[in-house]
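Novice: Fit chain B to the given chain A structure using the hints.
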Amino acid sequence: MILPSLDRDLEPAELRRLVAEYARREDLWRHLVHHDPEARTYEQIERNEHVGVWLLCWMKDHDTGFHDHDLSAGAVAVVGGQIREDRLRVGAPPTTRVVDSGGVFTFAASDIHRVLHAGTEPSVTIHAYSPPLWRMGAYEIGAGGQLHRHSVSYAEELRPLEEVA
Amino acid sequence: MIDVHQHLWPDSLREVLNKRAAPPRIRRDGVLLLDGELPAPVDPADHDPVRRARLDGAERILVALSHPLGLEALPADEAHEALAAWHDGAFALGDPFGVWGTVALTDAAPADVDAILDRGAVGLSLPAGALAGPEGYDRLGPVLERLAAREAPLFVHPGAAAVPPGPRPAWWSALTDYVAQMQVAWFAFLEWGRPAHPALRVVFAMCAGGAPLQLERLAARGGPAAAAHDTGIFYDTSSYGVRTLDALIRVVGVDQLVYGSDRPVAEPPPTGMLGPAAHHVISTTNVLRLLQATPAEAGIR
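Protein chains in written order, with our numbering: chain A, 1 to 165; chain B, 1 to 301.
Just chain A, same shape as in the assembly:
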């Protein structure tokens, strides 16, 4: 276990360092890697009062849809393959970036983003959320362009029944 024993939630810069440390510690997560063509797979690596750390495995066409993390900030380390992150903008196409294996990115609790598999190889990512995920917002863009936010349990994201459209 490498979670810090802090009596507070972590800042994005601290989460960035934390996922980078997990990325180096393959012994903590390599056995959890398993890919499923039908849907992303999720494994919780560790959890304490202030941080939850997860391993996600991605394949072609896997896509979270636009969502927020309510109260939680987060960081993602890509440890295999590539993923793409889109940030939602009003009146403009989303900003987009592709993150390669070895890359790390962070998001604040107020950010609205979408993460997708990219490239041709299956991907593996390590995610840290602080505080651990609880409620989330899932966004739906209506036919007229209206944005709808659905409040969902984090289980919809990390313990989903099926791929989110």
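Errors might be hidden in some of the hints.
Stated by the list, open to error - DEER-style ranges, computed between Cβ atoms: (1) B:301 <-> A:65: 26 to 32 Å; (2) B:114 <-> A:17: 45 to 51 Å; (3) B:141 <-> A:147: 40 to 46 Å; (4) B:45 <-> A:65: 35 to 41 Å; (5) B:139 <-> A:44: 30 to 36 Å; (6) A:109 <-> B:138: 45 to 51 Å; (7) B:169 <-> A:91: 57 to 63 Å; (8) B:133 <-> A:84: 53 to 59 Å; (9) A:7 <-> B:172: 36 to 42 Å; (10) B:43 <-> A:109: 50 to 56 Å.
Claimed, not checked - Covered stretches of chain B (chain A as the covering partner; in silico rule of three or more C-beta atoms under 8 Å from a C-beta of chain A): (11) 253-259; (12) 276-288.
What the hints assert, rightly or not - Covered stretches of chain B (in silico footprint by chain A; criterion: 3 or more residues with CB under 8 Å from a CB of chain A, positions within the stretch not fixed): (13) 215-226; (14) 244-250.
Derived from the structure by calculation, the hints contain no laboratory data.
Idealized CB from N, CA, C, for every residue including glycine.
Specialist: Using the frame of chain A, we list chain B on its own:
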């Protein structure tokens, strides 16, 4: 979907209660008499397995002895007779029912654990008061060691209440004595149970009386708060609805909740508002992890 927490009194158990002269007993007029609780009528229709199996659409229903009866704590001869009646009736129920077995507290031994598991029990149920402190863990240590060695889970359920004499509403013990029993048992597990039994999987009935919601206070008072983040500790949902479950999820994570209705004592409130993914993980995925069973082994699709 698996329901980990129901009570069903087979005819064999009701016959034992009918013929007893002292509480716990069922009077001729069908009223249950317990030392620490108000008299309560027993409706045999509530314990009809055919009717019960159809109620909620659960593919598997795990039944436990009603520990508030206090049968497991009776003098050894009386306890053995009552528990034999319980086990004989419960194991005879067949699908979709599974059984939490139990042991007589006066002389519980590892061989009793082997006996119930060899008969097909999913695990061992015990009253919360039996595991309320170091004395309980000393006395039942060998029993819990055998349970862990057999990789079977423990179900901690409220035991006999001690409501003072005098007028009280019917819900009184469920909201006072039972809550307190479960909270004490949860704190005792963190302090003494987990260090002694590192691999034991345990499920606390009724969200452990909401004890995990005391976690910040536990940390502030120097208690073992970090021990609460334990993937081997589960909480059944009995009688709690979406607001309390959501609060519990915030503390321990959705992976530690399992669906338990507590029928026929309570009608289960809807958990659907947590969302379909949360409902599925609580009523199926987490239960399979608690039982360490594949869907086929657990008797579900």
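Novice: Is it true that the C-beta distance of residue 169 (chain B) to residue 91 (chain A) lies inside 57 to 63 Å, as the hint says?
Specialist: holds, 59 Å
Novice: The hint says 45 to 51 Å between residue 109 (chain A) and residue 138 (chain B); measuring C-beta to C-beta, is that right?
Specialist: About 47 Å separates the Cβ atoms of residue 109 (chain A) and residue 138 (chain B), which means 45 to 51 Å holds.
Novice: The hint says 53 to 59 Å between residue 133 (chain B) and residue 84 (chain A); measuring C-beta to C-beta, is that right?
Specialist: The hint (53 to 59 Å, Cβ to Cβ) holds, given that residue 133 (chain B) and residue 84 (chain A) are roughly 55 Å apart.
Novice: Has the hinted range 45 to 51 Å been met by the Cβ atoms of residue 114 (chain B) and residue 17 (chain A)?
Specialist: holds, 50 Å
Novice: Using the Cβ atoms, figure out if residue 7 (chain A) sits within 36 to 42 Å of residue 172 (chain B).
Specialist: holds, 38 Å
Novice: Given a hint of 35 to 41 Å, does the C-beta separation of residue 45 (chain B) and residue 65 (chain A) actually sit inside it?
Specialist: Between residue 45 (chain B) and residue 65 (chain A), where Cβ atoms are some 48 Å apart, the hint is violated.
Novice: Under 8 Å between beta-carbons, do enough residues of the stretch 215-226 of chain B, three at least, approach chain A for the coverage claim to hold?
Specialist: holds (count 4)
Novice: Against chain A, does the stretch 244-250 of chain B show at least 3 residues with beta-carbon separation below 8 Å?
Specialist: holds (count 3)
Novice: How does the Cβ-Cβ distance of residue 139 (chain B) and residue 44 (chain A) compare with 30 to 36 Å: does it lie in that range?
Specialist: Given a distance of about 35 Å, which is inside 30 to 36 Å, the answer is holds.
Novice: Quick one: see if chain A covers the stretch 253-259 of chain B, three-plus residues with Cβ-Cβ under 8 Å.
Specialist: holds (count 3)
Novice: Does the hinted range 50 to 56 Å hold for residue 43 (chain B) and residue 109 (chain A) at CB?
Specialist: With a Cβ separation near 51 Å, residue 43 (chain B) and residue 109 (chain A) satisfy 50 to 56 Å, so the hint holds.
Novice: Take a look at whether the Cβ-Cβ distance between residue 301 (chain B) and residue 65 (chain A) falls inside 26 to 32 Å.
Specialist: holds, 28 Å
Hint compliance for this structure: hints 3 and 4 are not met, and every other hint is.
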